[in-house]
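A.B. asks: Let chain A serve as the given structure and place chain B on it in line with the hints.
Residue numbers (my numbering), protein chains in the order written: chain A, 1 to 249; chain B, 1 to 326.
No wet-lab data here; the hints were simulated from the structure. All C-beta atoms, glycine included, are put in the ideal place defined by N, C-alpha and C. Any given hint could turn out to be false.
EDC-like cross-link-like pairs, simulated, lysine to aspartate or glutamate; straight-line CA separation at most 16 Å [claimed, not checked]:
| hint | chain 1 | residue 1 | chain 2 | residue 2 |
| --- | --- | --- | --- | --- |
| 1 | A | 144 | B | 188 |
| 2 | B | 187 | A | 166 |
| 3 | B | 297 | A | 220 |
| 4 | B | 187 | A | 163 |
| 5 | B | 316 | A | 230 |
| 6 | B | 282 | A | 220 |
| 7 | B | 192 | A | 166 |
| 8 | B | 18 | B | 165 |
| 9 | B | 12 | A | 159 |
| 10 | B | 196 | A | 159 |
If the Cβ cut is set under 8 Å, some of the chain B residues that face chain A in the computed set are [claimed, not checked]:
| hint | residue |
| --- | --- |
| 11 | 136 |
| 12 | 183 |
| 13 | 285 |
| 14 | 289 |
| 15 | 294 |
| 16 | 298 |
| 17 | 305 |
| 18 | 310 |
| 19 | 323 |
Derived coverage of chain A by chain B (criterion: at least 3 residues anywhere in the stretch with Cβ under 8 Å from a Cβ of chain B; other residues may be distant) [what the hints assert, rightly or not]:
| hint | segment |
| --- | --- |
| 20 | 7-20 |
| 21 | 158-167 |
| 22 | 214-221 |
| 23 | 243-249 |
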Amino acid sequence: MKILVALKQVPDTETKIKVAADGRSLDPADVKWITSPYDEYALEEAIRIKEGKGAEVVALSVGGDSVKEVLKNALALGADTAVLLKGDGQGDAFAVAQMIAAYAKDKGFDLILCGNKGLGGDNAAMGPMLAELMGIGQANVVVKLELGEGTFKAEREIEGGTEIVEGALPAVITAQKGLNEPRYASLKGIMAAKKKTIEEVEATPATTGAQISALALPPERPAGRKLEGDAAAQAQALLQALKDEAKVF
Amino acid sequence: MTSMILVFCELKDGQIRKPSLEALSEGRRLADAAGKQLGALFAGASCSGSAEAAKYGADVILTAEGPALTSYSSDVFAAVLADAVKSKGATVLLAAATAVGKDVAPRAAARLGAGYASDVTGLSMVDGKLQAVRPVYAGKAFATTSFASGVQVATTRPNVFPAAEKAAAGTTETLAVPASDFKSVVKEILAKASGKVDLSEANVIVSGGRGMKDGANFKILEELADALGGVVGASRAAVDAGWGLPHSMQVGQTGKVVSPTLYIACGISGAIQHIAGMSGSKFIVAINKDPEAPIFKLADYGIVGDLFEVVPELTKAAKTMGIGTN
Chain A
1 MKILVALKQV PDTETKIKVA ADGRSLDPAD VKWITSPYDE YALEEAIRIK EGKGAEVVAL
61 SVGGDSVKEV LKNALALGAD TAVLLKGDGQ GDAFAVAQMI AAYAKDKGFD LILCGNKGLG
121 GDNAAMGPML AELMGIGQAN VVVKLELGEG TFKAEREIEG GTEIVEGALP AVITAQKGLN
181 EPRYASLKGI MAAKKKTIEE VEATPATTGA QISALALPPE RPAGRKLEGD AAAQAQALLQ
241 ALKDEAKVF
Chain B
1 MTSMILVFCE LKDGQIRKPS LEALSEGRRL ADAAGKQLGA LFAGASCSGS AEAAKYGADV
61 ILTAEGPALT SYSSDVFAAV LADAVKSKGA TVLLAAATAV GKDVAPRAAA RLGAGYASDV
121 TGLSMVDGKL QAVRPVYAGK AFATTSFASG VQVATTRPNV FPAAEKAAAG TTETLAVPAS
181 DFKSVVKEIL AKASGKVDLS EANVIVSGGR GMKDGANFKI LEELADALGG VVGASRAAVD
241 AGWGLPHSMQ VGQTGKVVSP TLYIACGISG AIQHIAGMSG SKFIVAINKD PEAPIFKLAD
301 YGIVGDLFEV VPELTKAAKT MGIGTN
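So here's chain A without its partners, still in its complex pose:
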C-alpha cells in the first residue's frame, strides 16, 4: 500500500496577523510557521496504517525551501520519503490541487491523506478538488477510518452527528480532530530523518481559480459594558439589555 500525505505549512495559531504593504498578503515578519494541525492527524493516520498493515508513506508539501521544515518533521515522525513540490503552496487551493494531482497521477497511490482544512486559509477545498482532479472518491472531515481490500469506510462529521462514507481506493481522506492523537517525534526518528533526503520536483504550472485581492483586519469591537450588582441583578440587567438594546429577543 502506498500513501501520500499532503502537508501544508501555515502560520502558528498564536501569530499576530499583520497585513503586508501590498494590502493583500500576510506580513511574514515575526511569523512562526508550523505544520497545519489537521495535517498532523493525516500524517499520524498514515503512520498508523504503516505500522498496522504495512505501507509506504510519502510526505509531500508545495512551496519553497522553508517548507522543508515540514517535510523533515514528517520524516522524523515516520514518513518513508519526502517530496518538495516547488511552487506556490500558500496560494489558491485549486492551483495547489492541480500541482499535487499532476505529481500524484501516475505514482500508484492507494490513499491520499490531508487535513480537512489548512489553518489560516481555512478554505477546506484542496482535498475535494484533488479527488475530483484525480477522478477518485473522497471523504472529508473524517474522525474514523477503516481500510478494506481496495475499499475504505470513513466516519465523517456532519451537523448533529456523523455519517459513514464508503468507497473504493484510491481515495482522498481529509482528517479532522478526533481521528487520532498525533505522536511527537522521537530522538531516534529525528536522527534517522537527518540521513534522509528530500526529493525536489518542479511543480507543473497550474491555473489560478481565485485570489485574494485585499486583506484587512476586522473592525475593532466597541468596548463592552460590565453589568453591576449581585448575581440576580446582573442576570436581570443582562436580559433587559439583550431585549431592549441588542433586541436579541
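C.D. replies: For chain B alone, coordinates are given in the frame of chain A:
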C-alpha cells in the same frame, strides 16, 4: 440567454434547510444587482418541497431526481452541480457552507475548472464578477477574494446572510441524472439523539469552558440554553479536560465555527483558539470570575462573577420574563 446565478439547495424532511434559504436569498440579492436570473438546484431521490424556493426568489427551480441520488455521493452530486452550471450557462454557483456544501462545492468547482471561496460572510458583484469576503487566519483577518475563472463558486456561512422571502415565478425544470460508478457514497447517518439544531446553525449558544469544573455542571448551561431556545457549546479546554464532552460540542479553530445572534461564554477565558470559532457572533456575553479574562475585551456585555450563581439566575430571569420562547 440571461446568465444565471445558481444556488444548490439542500432538503431535509421535505423542507429546504435554513442555510440553503439564506444562500438562496443572497443569490436573489446578487441576481437583482447584476440583472441575472436566479436558479435553485435540488438533487435527491425526491425533491418534493423544492417548490418553496419560489417564495425565496427562484426564477427557475431545477430538480435532479432519481434512485441514483438516494444517498449523498460527493462525486455524483458534484457532477449534477457542474452539469447544471454548464447547461444553464450559469456564471455563479452558490451553496451553503454546510457539511454537504463544503464537501460538494469545491469538487464541483474543480470539475468546472472554477475558483472557489469557502465559508464566505460577504458577497458582491463587481463589474459582473463575483467578489467574496471571507474570514481567514481564524477570523484575525478578512480576505476579499476575486475569481480568475469564468464560473465562480462560493459557499455561504450559515447564520450570516438573512433569509428573506421574495416571490418569483419558480418555473420548474427537470435535469438528467448523470450516470456514475459511485466512487464514494454515504451509507449511514449516525445522528445524535438530541433533536436540537447544530451549533453551526444555532441562533443562541451557551458555551462553557474550564471554569465549569466538571462535565456534569454543563447541566446548568443546558437549562439556560433551553430557556433561551439555544444550544450548548464548549471550549477546547473543556472538551480536552476529559469531562466526557464530545468534540462535536467544541467551538473554536479545531472545532466548530459559529455565528449565532447571541453567544454566552461561561467560564471561558478567551484563548485565541476559542475566539477563532465564535468571534463572528453578533452579541457576545462573557461570564467569568476573572475580570482580566481576555474574553471581556470581546464581549458586548460582561458579568464579573461566579457563573454557578449567575447562570441559574439567568435561567430564572429568562423564565419570568418569558424570553426565548421562539
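A.B. asks: So, for every hint listed, does it hold in this structure?
C.D. replies: Evaluated hints:
no.	hint	verdict
1	A/144 - B/188	holds (14 Å)
2	B/187 - A/166	holds (7 Å)
3	B/297 - A/220	holds (10 Å)
4	B/187 - A/163	holds (7 Å)
5	B/316 - A/230	holds (14 Å)
6	B/282 - A/220	holds (13 Å)
7	B/192 - A/166	violated (20 Å)
8	B/18 - B/165	holds (12 Å)
9	B/12 - A/159	holds (12 Å)
10	B/196 - A/159	holds (10 Å)
11	136	holds (6 Å)
12	183	holds (3 Å)
13	285	holds (6 Å)
14	289	violated (12 Å)
15	294	violated (12 Å)
16	298	holds (6 Å)
17	305	holds (6 Å)
18	310	holds (5 Å)
19	323	holds (5 Å)
20	7-20	holds (count 7)
21	158-167	holds (count 10)
22	214-221	holds (count 6)
23	243-249	holds (count 4)
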